Structure formats: C-alpha cells, structure tokens
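**Student:** Okay, here's what each chain looks like letter by letter:
Protein chains: 2
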Amino acid sequence: MNIVLLSGGSGKRLWPLSNDIRSKQFIKIFKTPQGEYESMVQRVYGQIRRVDSEAKVTIATSKTQVSSIHNQLGEDVGISVEPYRRDTFPAIALATAYLHDMQGVAEDEAVVVCPVDPYVEQDYFEALKALGERAAEGDANLVLMGIEPTYPSEKYGYIIPQSKDDISNVETFKEKPDVKTAEDYIARGALWNGGVFAYKLSYVLDKAHELIDFTDYHDLFDKYETLNKISFDYAVVEKESKIEVMRFGGQWKDLGTWNTLTEAMEEACVGEAILNETCRNVHVINELDVPILCMGLKDLVVSASAEGILVSDKEQSSYIKPYVDKIDQTVMFAEKSWGSFRVIDIEDGSMTIKVTLNAGHMMNYHSHKLRDEVWTIISGTGRTIVDGMEQPVAAGDVVTMQAGCRHTIIADTELKVMEVQIGEEISVHDKQKFNLED
Amino acid sequence: MNIVLLSGGSGKRLWPLSNDIRSKQFIKIFKTPQGEYESMVQRVYGQIRRVDSEAKVTIATSKTQVSSIHNQLGEDVGISVEPYRRDTFPAIALATAYLHDMQGVAEDEAVVVCPVDPYVEQDYFEALKALGERAAEGDANLVLMGIEPTYPSEKYGYIIPQSKDDISNVETFKEKPDVKTAEDYIARGALWNGGVFAYKLSYVLDKAHELIDFTDYHDLFDKYETLNKISFDYAVVEKESKIEVMRFGGQWKDLGTWNTLTEAMEEACVGEAILNETCRNVHVINELDVPILCMGLKDLVVSASAEGILVSDKEQSSYIKPYVDKIDQTVMFAEKSWGSFRVIDIEDGSMTIKVTLNAGHMMNYHSHKLRDEVWTIISGTGRTIVDGMEQPVAAGDVVTMQAGCRHTIIADTELKVMEVQIGEEISVHDKQKFNLED
Numbered sequence: 001m002n003i004v005l006l007s008g009g010s011g012k013r014l015w016p017l018s019n020d021i022r023s024k025q026f027i028k029i030f031k032t033p034q035g036e037y038e039s040m041v042q043r044v045y046g047q048i049r050r051v052d053s054e055a056k057v058t059i060a061t062s063k064t065q066v067s068s069i070h071n072q073l074g075e076d077v078g079i080s081v082e083p084y085r086r087d088t089f090p091a092i093a094l095a096t097a098y099l100h101d102m103q104g105v106a107e108d109e110a111v112v113v114c115p116v117d118p119y120v121e122q123d124y125f126e127a128l129k130a131l132g133e134r135a136a137e138g139d140a141n142l143v144l145m146g147i148e149p150t151y152p153s154e155k156y157g158y159i160i161p162q163s164k165d166d167i168s169n170v171e172t173f174k175e176k177p178d179v180k181t182a183e184d185y186i187a188r189g190a191l192w193n194g195g196v197f198a199y200k201l202s203y204v205l206d207k208a209h210e211l212i213d214f215t216d217y218h219d220l221f222d223k224y225e226t227l228n229k230i231s232f233d234y235a236v237v238e239k240e241s242k243i244e245v246m247r248f249g250g251q252w253k254d255l256g257t258w259n260t261l262t263e264a265m266e267e268a269c270v271g272e273a274i275l276n277e278t279c280r281n282v283h284v285i286n287e288l289d290v291p292i293l294c295m296g297l298k299d300l301v302v303s304a305s306a307e308g309i310l311v312s313d314k315e316q317s318s319y320i321k322p323y324v325d326k327i328d329q330t331v332m333f334a335e336k337s338w339g340s341f342r343v344i345d346i347e348d349g350s351m352t353i354k355v356t357l358n359a360g361h362m363m364n365y366h367s368h369k370l371r372d373e374v375w376t377i378i379s380g381t382g383r384t385i386v387d388g389m390e391q392p393v394a395a396g397d398v399v400t401m402q403a404g405c406r407h408t409i410i411a412d413t414e415l416k417v418m419e420v421q422i423g424e425e426i427s428v429h430d431k432q433k434f435n436l437e438d
Numbered sequence: 439m440n441i442v443l444l445s446g447g448s449g450k451r452l453w454p455l456s457n458d459i460r461s462k463q464f465i466k467i468f469k470t471p472q473g474e475y476e477s478m479v480q481r482v483y484g485q486i487r488r489v490d491s492e493a494k495v496t497i498a499t500s501k502t503q504v505s506s507i508h509n510q511l512g513e514d515v516g517i518s519v520e521p522y523r524r525d526t527f528p529a530i531a532l533a534t535a536y537l538h539d540m541q542g543v544a545e546d547e548a549v550v551v552c553p554v555d556p557y558v559e560q561d562y563f564e565a566l567k568a569l570g571e572r573a574a575e576g577d578a579n580l581v582l583m584g585i586e587p588t589y590p591s592e593k594y595g596y597i598i599p600q601s602k603d604d605i606s607n608v609e610t611f612k613e614k615p616d617v618k619t620a621e622d623y624i625a626r627g628a629l630w631n632g633g634v635f636a637y638k639l640s641y642v643l644d645k646a647h648e649l650i651d652f653t654d655y656h657d658l659f660d661k662y663e664t665l666n667k668i669s670f671d672y673a674v675v676e677k678e679s680k681i682e683v684m685r686f687g688g689q690w691k692d693l694g695t696w697n698t699l700t701e702a703m704e705e706a707c708v709g710e711a712i713l714n715e716t717c718r719n720v721h722v723i724n725e726l727d728v729p730i731l732c733m734g735l736k737d738l739v740v741s742a743s744a745e746g747i748l749v750s751d752k753e754q755s756s757y758i759k760p761y762v763d764k765i766d767q768t769v770m771f772a773e774k775s776w777g778s779f780r781v782i783d784i785e786d787g788s789m790t791i792k793v794t795l796n797a798g799h800m801m802n803y804h805s806h807k808l809r810d811e812v813w814t815i816i817s818g819t820g821r822t823i824v825d826g827m828e829q830p831v832a833a834g835d836v837v838t839m840q841a842g843c844r845h846t847i848i849a850d851t852e853l854k855v856m857e858v859q860i861g862e863e864i865s866v867h868d869k870q871k872f873n874l875e876d
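Residue numbers (our numbering), protein chains in the order written: chain A, 1 to 438; chain B, 439 to 876.
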C-alpha cells in the first residue's frame, strides 16, 4: 500500500500543548499497551505498519514539521515537504510526483490519501487497503471512503451515494450542512466525507500536468511558490464523474478539540496530577514538572505546558482559537530531528534553554551575530566543535561562545545541556549555518 | 505602641503560593494605591506605621521566616526568633523578654500581641492602640479584643463579656462551637476571640519567671529547646481573673483559605491571565511567566507558582491540606535576606537555579562537599570571591566552582545568575559556611 498522510495545521485549538511548531498530531497523549505515551502520528503510523508491514508511508507536510516527524517516527518515513502552503491540490500533486520520481512507485499503482490525525482502530486501515485495491483494480478514477454518520454533524461534508451497497457510485457531494439538513442527508443514506480517497498514481499525475506546467518532482518543488492555492476537492473531486464511495462503519473520530480529544483518553490524567474525590468528568494533561491539584471540578479540561495553562469547561474549549491568537509568545519548546529543547527562563538580555540531544545526533554547525552563549553540560558525554576545534565534554563542563564563533555539539550518549544566551537582541532568526568542512 | 506580631504557620492551605518556607503572610497579592502588590505582612506593617509612626514592631517567628521578613520589611523591624516551635506561651514570653532586654521597653509599658495576618482596615490598629492604652492605664492584667461576630462561625473561640459596654469584664471563654451553640453564644452577646490582647510588660515577664527558670532574654533563648509546648490561652488567659474585653466592630477577616483570600482581592487576576466572558466568580493568581487561559469556569480559584498548580472550586479549597501534605516536593522558590531564588530545572544529577541578588547584598561565603557549581551571570554587575580570590563579574561571565571550593557573590547592582549544580547528591544540607576573613 502506498499511503500519503496529510499533516497540516498549526493546532491552536489544542493550546497549550500545540503551538506554532508543534501541531496536535505530535502531542503524546495516547497510552500504549506498554504503558508509554504516543502521539496521533505515532499511533497512526504503527497501525498502518501492523496492517501492512510493507506499506510505503509518505507524509505530506510543511518544513516546520520535518524535525518532529523524524524525532517521532525515525528516518525511514518518506516526507514530501511543501516549501509553501498551497492548499491540498498542489500538496497531493507534489506528494504524487514524489512517490513516482523519488520512491519509484509505478503509474498503475494505487495511492491512498488520508489525514494524519484520525482516531481510529485497526479496521480503518484494513479499509484503506481495500480502498487502494479497488482503485488499482476497478474502473473508477477516484474511490472515496464514506464514513457512516453517527449523528447529524454540522462539521463535515457529506457524500450522497447512488446505492446503499458497500461500494457505490457517488451521486453528489454536499457542503457542511445545518443539523436539519444533515438529518435529511442521513435519511437519504449520506456518508461523512473524511477526506480519504484512493487513485491510480497516473490519474493524479496526469491531472497535475494538465493544470501545472512542470517536468518532474524537482521542477514542481522549485516552482511550488508560484502555484495557485486550490483544494483537491475543487480541482479534481467535484469535476470527476467516474467516482465511487466505499462505506466504512467502524470507529472514526476527529480529535480536533479538547472536548473530543479527552473523550479518547484512556485515563483522566497524563502527567503529574491529583484529582480529589469530588471531581467529575475532569481530564488533566500536564507536561510540566510540578503537580496540578484539582478539587471539586466538573466537566473541565486542565492542560499545562511550557507555553501556558488552560483551564476550560469542555464545551467551551471548542471556542479557544481567538483567545490563543491573542497570546503572542515565544515558542517555548520544540522537538527537533536531533532531540528537543525547552525555554526555561526569559529575562531582558538573556534566555536560558535546556537542550536534549539524542545519542549519535548533533546540532547544525552555526553561529550567532548578536548573542554570546554558554553551555553547561548537565548529563551525558559528547564533543563540542568551536571554531573548528573539537573537545570532549561531560557533566559539569562549560563551553563559552562569543557572538560570531561557530559551534556545534555532538552527543555520544544522550546529552543534556543548559544553554544561557546573552545579548540585547535574542532571536531564532539570528543564526548562520555552516558546513563543518568549511 | 509596642506591638508583637505572631507570625507562624507553614501555610499549606494556600498552596501552591505558600510552601514550607514561604507562609501565606508573605504572598504578594494585595494591590496598593500605587498599583504594586504587597503581602499581608507588608500591608499590616504599613497600616501600623500609619496609625503610629513611632510604633515599636517586633515579629515573633521561627528562623525560617527571618529572610522573608527582612526581604519584605527591610532591616529596621525587630524580630524575636523562636529557635524551636514551642507554642504561644514560650513565644510570647520570649518576645516580651526581647522587648525588655533588647529593645529597652520599660516594665510598665503596654505590649499588644496580635497575629500577623488579619485582613483589616486602619480602624483595627486604632483599636489596638486603645487596647494598649487601656492595659497601661487600667487595672486589668489582660485586655482582650473581642470581635463582633457577623455570623455564627464554627472556626473561632468565643468570649462572653459580662456586659454589652465597649469595655467589659470577661465572664467566660468558649471553645470553637457548632453553629447552633454559636447562635446561642451570639444571642448572649458573645464576641469572637481573634487572639489579640494587651498587657503591661511586667505582667507577662513575671508569669514567665513563675513558670520558667531563666535570667534574661539570652538565657531564655538558649534554653528554648527545653521548654514545654503550652499555649498562652492555657497558661495565662484562662487562669486570669482581672481580665477585660474591648469590643471591635470594624472589618476583620481571617484570610486562611483560598475562598476567604480571594474575597479580599480587588481584581479577578494577579499575574498573566485571560478569562473569557463566560467565567463567573473566578480568581486567578499566577506567579509563572506563562499565561493562564480560563474558559467557562464558575466559582473557581486557579493559582500557579513554581511549586505547582491549583484548580479548585472555592468551597472545596478549604479541604486542601491533606492533599498538599501528600505532595512531597523540593522547595522551588524562596525569598532570602539577600534576594531570592527559584529552581527552574531538576534532573538526575543536576539542578538549575535562578538567583537574584539585591544591589549591595551578598550570599554567605560557603562551599559544598558533594557538588560542583557553575554560575553564568545573566544581568547586572558584581564581584565573586572564589577560594579567597576576588574578581569582577558582569553579564555573560562564567564562574566554575569545584566541590570543596569556597565561594560567594556580591551584587554591586541587582545581579541575576543562572546556577547549575552538578552532583550525585544535591541537597540544601550540603553547605559549609565560612567567614570571609578565615
């Protein structure tokens, strides 16, 4: 199975656990049978692997997510990086060209596209496999998944099938309706459109060449900035007549808000939390190192990270976005391909960051124009390279770097470093990268 | 006026803003007309000074609070330090001996004793002054303040006066009653016992000599550990027949729980917080640097500090103590006579602390046996002394100290330092102090 997972969104609706660089799909909130926590993207990736250990998984995303993806899924996963945000048609065209030109997928092979963040069970991925097989073997140009509605939702588009068979031609599509209209649709056998579909690779590649003048993946990537924003639904789906829908009746949840996300949590608390016996329907997700004590609460979600603290009635939590938009903040934590960092103190003229490097990884070789830095190694062993000179480091060692000096750190074992930045203008943009060979 | 403020308590009921070393009276929560925030002890001290600018104020407390008191009130305030916890009779005896032997208060002068944390207006301190004058001039050995009850509380002891006059002899004392009994008391003209009373210095000094074998203040201090725990009420008040009560009808609040404390807050929020328009009767006190977003909450208090986060129904918040007792934690922040510190990161084998030294102040000269330390100066200027060698320091400078090396830092301007401690056993008890002259 060739599967493209669309991974987008800035995830403000799950603030403070999601931020501008960590989207909701990377929050580790689902307990595994082994007792560890995994994110939506890790859960989905594992589920695909279990259904088809040979599946070729490609994540279509922006460059801001590449570090997080490698951090959570390792280096083996394919990534089709959208250099700019250009809506779903350019993104799917680019991912399809990537599969063809970079991964060697043949033109008659099927590709399945689905969002990276559905909360589903194994049967969903079995259905995706069947969807791909239908696209490869059948006559339709597009095979959509239609999810059997469990209530007349206003949040989803609807697909009206011609029959109630497991696979049917599509009669028509309907935009997000009001509840009354949704009830009518459902009475006519309508299905939710979860944005999941399969096609033969050549079909989308041909469509892409029809609408965009490009030669191959590299050429498309290079001119990506010049492409028009257009959705796949508008450019392709709504114009296609040879289009089928396959019913899916298993569990499917869209965990876009705290209200829906907490419904999928197995336990009331993730992280350090105490709920007294008078709490009812309370969920706590605490990424801080200090405890949260909850007393006498009802129907609330409490969530704390280095970015801030949310205390919200569950129902109200779906209205969070405009409030978070007003919070103008430094990004306080991030996962990178080499490890992670967390801002632990901000003062006028200084910023202190705890950096964790995974064993065998290193930072880019870089310098800053407007700040000095001091590293104090707090655990692990590794090496630093400062202006070309390599030195071993271990817990207790200190490295000082003046503005302008080139530096990197290499972790031999997992390495934790307290980095103090000193300067009048501290900014993530003040960074010049170099090759170590220069 | 000679006034002894009893400052006790570990303040767990206002967790996370109070902790083992910061009692509730030091939380800066009351807005001044100048728009700054002051603590209960600062508020009370200022109120006393406004009623009587010549008042001799002595705070009777344990040594754990001495740094906080100097930090908040400066160096002028008298402090009678109880070297051990021995209940109120030894504490009041010690403070009385301190006034006599250390402050030169004459035996016929009156002393007023009151808790450090009542939430009151200026008229309360006018009443204290009157209480002292009555004790100095009248025949009674003890003059108590009786607070006119506003409801039949189960939280206070009651004083039954012989008459309804402003000043009356005391008929009897009653322990904390149930509501029904409290109603009966009030019908009989009973007053709340707020633990406020005045006496001629010689009266308590004589009582102390009767019950304890000591010569002077220093001798009493030295044998303090051997004294029995006994309350002033039991040892003195209940046995005294020449005892009067003076009515006080002004505002008097005991801000011992989040519920009562938030009632006294002028604003819904102290610190960074956003309440959406559906919040009702919500108070937020946030000492962290990140925002708290509250949505759809009712009758709640949210409080966050470096120690933890409380989210509680206001009514429920009075049952907090057993839950906080279970939270076994490193003290995460403290005010010291020389400034303050805050733990910002704890790892196995390391602890990182942000230290703020006030201009003109310095740490003790000290060493540690089991840990190395690294100071990175993040702002300000000063000097370090390491193994006898003095060096100037400014932002960006780094000082490394191996275990065993003696060190201190002196702030010429306000100085902020990131201190990384590295060692297998990091403990506040691993500290040897030295004189700089050694």
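These are calculated hints, taken from the structure and not from any lab test. Because the structure is a prediction, the values reported are computed rather than measured. Ideal Cβ placement from N, Cα and C applies to all residues, glycine included. Any given hint might turn out to be false.
[As the list claims (entries may be wrong)] In the DSS-like style, the derived pairs of lysine-lysine whose C-alpha atoms are separated by at most 30 Å in a straight line are:
hint, chain 1, residue 1, chain 2, residue 2
1, B, Lys764, A, Lys298
2, B, Lys593, A, Lys298
3, A, Lys298, B, Lys759
4, B, Lys593, B, Lys667
5, B, Lys466, A, Lys326
6, B, Lys501, B, Lys736
7, A, Lys164, A, Lys176
[Claimed, not checked] So the derived list for chain A, only partly shown, Cβ under 8 Å to chain B, looks like this:
hint, residue
8, Ile274
9, Leu310
10, Asp313
11, Ile344
12, Ile353
13, Lys354
14, Val355
15, Gly396
16, Thr400
17, Met418
**Student:** Does each hint hold? Answer for all of them.
**Tutor:** Verification of the hints:
Distance hint between lysine 764 of chain B and lysine 298 of chain A is fulfilled; the C-alpha atoms sit about 23 Å from each other, no more than 30 Å. Restraint check: the Cα-Cα separation between lysine 593 of chain B and lysine 298 of chain A comes to about 28 Å, which is no more than 30 Å; the hinted pair holds. About 21 Å separates the Cα atoms of lysine 298 of chain A and lysine 759 of chain B, which keeps this hinted pair within 30 Å; it holds. A hinted pair counts as satisfied when its Cα atoms are at most 30 Å apart, and lysine 593 of chain B with lysine 667 of chain B qualifies at roughly 22 Å.
For the proposed pair lysine 466 of chain B and lysine 326 of chain A, the alpha carbon gap of about 27 Å is at most 30 Å, so the pair holds. Our distance criterion of 30 Å between C-alpha atoms is broken by lysine 501 of chain B and lysine 736 of chain B, whose separation comes to about 40 Å. Proximity of lysine 164 of chain A to lysine 176 of chain A is assessed by CA-CA distance (about 21 Å); at most 30 Å being required, the pair is judged to hold. The interface hint given for isoleucine 274 of chain A holds, since its Cβ lies 6 Å from the closest Cβ of chain B, which is under the 8 Å cut-off.
About 5 Å separates the beta-carbon of leucine 310 of chain A from the nearest beta-carbon of chain B, less than 8 Å, and the hint is met. Among the interface hints, the one on aspartate 313 of chain A holds; its C-beta lies about 3 Å from the nearest C-beta in chain B, closer than the 8 Å criterion. The beta carbon of isoleucine 344 of chain A comes within 5 Å of a beta carbon in chain B, closer than 8 Å, and the hint placing it at the interface holds. For isoleucine 353 of chain A, the shortest C-beta to C-beta distance to chain B is roughly 10 Å, which exceeds 8 Å, and the interface hint is violated.
Residue-level restraint check for lysine 354 of chain A holds (minimum Cβ-Cβ distance to chain B is 6 Å; threshold 8 Å). Among the interface hints, the one on valine 355 of chain A is violated; its C-beta lies about 11 Å from the nearest C-beta in chain B, farther than the 8 Å criterion. Given hint, glycine 396 of chain A at the interface with chain B, holds; its Cβ is 4 Å from that chain's nearest Cβ, closer than 8 Å. The closest approach between the C-beta of threonine 400 of chain A and any C-beta of chain B is roughly 6 Å, which is under the 8 Å cut-off, so the hint is satisfied.
At its closest, the beta carbon of methionine 418 of chain A sits 5 Å from a beta carbon of chain B; the interface hint therefore holds under the 8 Å criterion.
Consistency note: the structure conflicts with the earlier hints numbered 6, 12, 14.
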